[in-house]
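Knowing the structure of chain A, use the given hints to seat chains B and C on it.
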Amino acid sequence: MSDLTSDDLLAEYLKVQAQTRRQFVGWGAGGLGALFMNSAMAAAPQPHAVPSALNFARDPATPLSVLPPQFAAKVKRVIYLHMGGSPSQLDLFDYKPVLKRFHGQDCPQSFLAGKRFAFIQGVPKLLGPMFPFHQAGKNGTWISDRLPHLEKQIDDLCIIKSMKTDQFNHAPAQLLVHTGDARLGHASLGSWITYGLGSENQNLPGFIVLISNGGTTANAGKPLWGSGFLPSVYQGVPCRSAGEPVLYLQNPPGVTRPERRQVLDAVDEINRENFKTFGNPETVTRIAQYEMAFRMQLEASDAMDIKKEPAKVLERYGAEPGKTSYANNCLVARRLAERGVRFIQLYHWGWDSHGTPVDEGVNVGLVKRCKETDQPTAALLADLKQRGLLEDTLVIWGGEFGRTPMWENRGGQEMEFIGRDHHPSCFTLFMAGGGIKHGISHGETDDMGYSIVRDPVEVRDLHATMLYLLGFDYRKLNYPYQGLDQKLTGVKPARIVSEILA
Amino acid sequence: MSDPQKEHVLVWDIPTRIFHWTIVVLVALSWFSADQGFMRVHLWSGLTLLALLLFRVLWGLFGSTTSRFVDFLHPPRKVVAYLRGHEKTLYAGHNPAGGWMVAVMIGVLLAQALTGLFSNDGLHFTGPLALWVSDDVSTRITGLHGTIFNIILVLVWLHVVAVGFYLLVRNHNLVRAMVTGRKHARHVPEGLNLSFTRLYVALLLLGLTAGIAAWVFFQGVP
Amino acid sequence: MSAPAYAACVALVTALGLGIAAWTHPAFLHSSLQTMGLEAVPKAAPGSFYVTRIAPLFETRCISCHGPTRAKGQLRLDSFAAAMRGGKDGAVIVPGDPKASELFHRISLPVSDDKAMPPSGKAALTPDEVTVIKLWIVAGASGEIRTIKGAPKPVLEVKIPESDPATVQKQRAPLAAAVTQLQARFPGVIIYESRSSADLEVDASLKGATFGDADLAALMPLKARITRADFSSTSITDASAPTLAAMTALVRLRLARTAITDKTVQALAGLKSLKSVSLVDTRVADAAPLKARGVAVYGGGDE
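Residue numbers (this note's numbering), protein chains in the order written: chain A, 120 to 621; chain B, 21 to 242; chain C, 27 to 329.
A hint or two may mislead.
Stated by the list, open to error - Think about it this way: if two alpha-carbon atoms lie no more than 25 Å apart in a straight line, the pair counts; the simulated DSS-like pairs of lysine-lysine are:
1. A:Lys271 / C:Lys317
2. C:Lys114 / C:Lys125
3. C:Lys175 / C:Lys160
4. A:Lys431 / A:Lys442
5. C:Lys196 / A:Lys283
6. C:Lys249 / A:Lys193
7. B:Lys98 / B:Lys108
8. C:Lys114 / C:Lys160
9. A:Lys271 / A:Lys487
10. A:Lys283 / C:Lys289
11. A:Lys442 / A:Lys427
12. C:Lys98 / A:Lys504
13. C:Lys196 / C:Lys160
14. A:Lys611 / C:Lys148
15. C:Lys317 / A:Lys257
16. A:Lys595 / C:Lys175
17. A:Lys193 / C:Lys301
18. C:Lys185 / C:Lys196
Claimed, not checked - Here are the in silico distance ranges between beta carbons for each label pair:
19. A:Lys244 / C:Pro180: 56 to 64 Å
20. C:Pro136 / B:Leu143: 25 to 33 Å
21. C:Ser146 / A:Arg594: 23 to 31 Å
22. A:Val217 / C:Ser58: 53 to 61 Å
As the list claims (entries may be wrong) - Taking beta-carbon pairs under 8 Å as the criterion, some of the chain B residues facing chain C (in silico):
23. Met59
24. Gly142
25. Leu143
26. Thr159
27. Arg160
28. Gly163
29. Ala182
30. Val189
31. Leu214
32. Ser215
Honestly, the hints are just simulated from the structure, not real lab data. From a predicted model like this one, the values you see are computed outputs, not experimental measurements. Ideal Cβ placement from N, Cα and C applies to all residues, glycine included.
Only chain A is shown next, with the shape it has when bound in the complex (with noise of 0.2 Å):
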């Protein structure tokens, strides 16, 4: 083994960690010069510097390590429900009697004129609502007809119908619901997290993707589970429900574990010689993920395998093992929930009922998204409040905009299918567990659906209530990069929504 020891590793690493890759240059007299540069000007003070108020050094050999929040959390875990493509909330949650009544007729002026839109084009049609709604719950609740399950857990949920983006096309729009930013290159929600509060088990990564009924990746790809500027080691892992959890984490055949382990140890000791010379700080994540996929390969398989439930429970969720589902997604959520795993991030595609193709109309495709969704979302809720998880854990679900309440019309055309085009204006979220009030709503939009009266919340006051409950002040959650104390939240200030904390 190397002479190196893990208090070295420690000391080279701090000592490294205050210089950015960037300024670490190897080469060149320049290199040197922004070296000399660099190691001064970290020296001097820096005027408009704010130092970050806390501290997140950890042991770089155990970077998801365990911290404490900064203040009591209401939750210890999240469990994200993003649907992609974005769900019309005028057909599920948000009830317009009165854009029932407009349905058919030319959507007036007023509605269109400055506006851009995604599709439509010219005037189209005023749409509304493709099913019924009624009441339900303790609070008369208005829902559709198409989330009977789900309906039975709506005194659990807190549905915010006013939140907004100022995005209109999924990519950005997903990048700013899951890093702040509409732009590449920043953090995404679970890296934040695991960053700031480390992951319970050591034996399995801390953010963990689920994605189902799309591919492999959403719109705006992998960044929206991505580490940005932070260490890499805080990305999300993708996860499959059917086949092996993590593709080629199982050794080879014909290596035994053992085996491996002599290999791991050998690319160690020359990991440890590398960060010794060039002090790149990936190294040290890279020895620490190698480690981590190691311990990973009995602990992953056994958290996924959904086999190992009861009938009842697979029933409950609708799940069938050996198939990729959201249904599967879901309950190896809760499994992967029991197990301390930090952030897990669930993606479900084909909620963008445009109406172009017949999977994707609001009387076709949305139909057959609710019947995938509704019961496994339903049963995770009822799972978890069962077993006691929810009072500490955060379920979210939505989309990344809302969808207009005109009818698309794609080329100023009228369509074969009925959808609705992209609107960040509005759009319907719901969160539920512990330190949120449930069974209430939150914001109002007006008659047609078209804007918010009432409480608008932007996508950073989620941000910041969501920290808020897992114990941290968004602003003093910071990464220093780029010369700026980076926030989840962006720039510009946000708003905790008090008004749904318990």
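The following block gives chains B and C in isolation, referenced to the frame of chain A:
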């Protein structure tokens, strides 16, 4: 026939006179523009005031005899004696009381112009140097700018009352003197020997202070 | 003109000038009278609607331009008297009549209007805030009334708890050595509840069967500070009941998939701070002692 030139003696040079009346107009303009919210006009009139006031300070060191501070700033005892009426001396330029009044006014107006540079109106408009200080300091300076305005009002009132006294009670028309530059011989001492600095010096000094004001202006241009 | 005559003229003209100023600027007149003590200064009663709802609104949204440092339009809103006096163009609040009240008129203008208050660049008042002001004016713009029917509830902003590291360290000091020692013995099990707290959280669930009664007993020194404990899936039994019962600060306890029975449940009934317990997949049949105390019970015979 008496010689008007001999009857009325030239005491005030052209730069001082132009300075005086321009200040009157600019102070009024500054007041009006601030009141009505014409902040660009306010900025320009304030910066011009700054240039002119700085010029007057320099002129007070290098200008004509009657314009120099050393000519009209007298020790307090003398001022008191003058006000009491114990003195019978005649003064070509400012009398002891008037002299200090002038100094105070220049000082206060300068303070107003300087505080204005760092002020902000709480919305979009800031003085050109407002970004040199923190928001908190700028707001406090803005408060000062408002307070000093009230002091200016009082000083203007005092000044007008004093000039009116000389005009109506002492029959000494200071207003005309500040326009024509000439006082009646009976108001000035015998055997005057005033030196009048050349006009080009005034222009040079004004160029300098205008340059300073311009530099200040460009600090505020992003 | 003689000096006394001149003095008289000056006094007259000045008085006339001030009089005209006062006439055209009633706010100035009243503020001068009030400052001189010639007029009663209206005050708002503590606990009144003005003090609890209107004044905070003015303070956060208006005083930066209508306050002690700056009084645009000569209007100040940093005191009840000043608000009722109004500004350059007179009173801005007409008791009982919002339509005639310039203040209300300005805050009701669409944001795009040049005269809208707060002006563009500053956050507009929410509809609820405008309603609150309207209702207050309708009710007489008084400094006395305490409640107004129909007034929307105030929006509370979340206050992030502050903490002083030195105080926290002092609070942690008595048990600090024990905590460090036990953290070394049980890595990943014990953690402080937060960076600003001396309370502890214990999670042995991932240790599984390797964590038993003896291990739990080892946590006794920390008994008064443990607020959350998770012993699910461990091998503890009823033998740990006394230790658990000694954890007087417990708020949340998880004992799912353990071998405990009703005996432990009875022992827990004495924990005053306990808010929730998980007994999922245990042999507990009767959790009544806990439920009777209002503790949320998961599992334990009610599946």
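### Query
Can you list which hints this structure breaks, lowest number first?
Numbers 5, 10, 12, 13, 16, 19, 20, 23, 29, 31 and 32, in rising order.
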